[in-house]
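J.: Sequence:
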Amino acid sequence: MSMKLHKSLAIILAAVFFLLRTANQASGQEVEDEGEFSYERGSDIGPEHWGEIHREWATCGAGQMQSPIDLANNQVRVVAGLSQLRRAYGPAKAAMRNRGHDIEIKWEEGGGGMWVNATYYVLRQAHWHSPSEHTINGSRYALELHLVHQSRDNKTAVVGIVYTIGRPDSFVMRMEEFIRRASDMGGEEEEVQLGIVDASAILSMGSSRNSEEYYRYMGSLTTPPCTEGVTWTIIKQVIILIKLNLLNLNILYQHYHVFFY
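Numbered per mature numbering (1 follows the signal peptide of the UniProt record, and there is no 0), the sequence shown spans residues -28 to -1, 1 to 233.
Pair by pair, the computed Cβ-Cβ distance ranges are:
hint	residue 1	residue 2	range
1	Gly110	Asp16	28 to 36 angstroms
2	Asp16	Asn46	34 to 42 angstroms
3	Ser142	Gln56	19 to 27 angstroms
4	Lys65	Gln36	37 to 45 angstroms
Just so you know, the hints here were simulated from the structure itself, not pulled from any lab data. Just so it is clear, CB atoms sit at the ideal spot from N, CA and C, and this is done for glycine as well.
Could you put the whole structure together from the sequences, leaning on the hints where they help?
T.: In structure tokens, the structure reads:
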């Protein structure tokens, strides 16, 4: 395989490239109480009003580096200095819960981690959005998985993986029954124990070159308080997912972060 194929395609949005060295990293965490906000457009607590609900959420309406975004080829540049994704995920105890606005897998002790530059981030949780929050060249996909990581100084880094309809995905198929059980729960206090979950299975995407290519930009949390300074890594390869999986993930809601569409 040529050196070119080994080199990660680290693509940075031109509009935010120069902010990478100056942006403050995110320390604010996603709100867990979904009763305080909604993804429904036109609602008094919908995305267009998130910034008005609490003073601490003002960034949702006034932020300059908000996520999600459209990853358009004509607005990105290749940065050769960024290497392949360095990750060290492994088997660890995990639980699943229904947060109302999404389904979350949580690794209480961490599920391994990844490096962004010289900083190590521990994998804390993963959750799905349907349809995808990010778009690629204007195209929205069926599903997006977020792997949320935290560093020792409480900075946030998220890896996003987008899916389209096609053949089965082994990780999602394994989680499918747990997701159905979590969707029937009445509140956040209830959890489905998953046993040992190895997060490395999520990124076992074959040997194609695209599995190591990614988009990188500085953005924000996609739920209140919309804290900016989040390091986003979106895997370039779109994973093919069997249609049956999506039909059964009935807890996944249609929602968009309307500020950027």
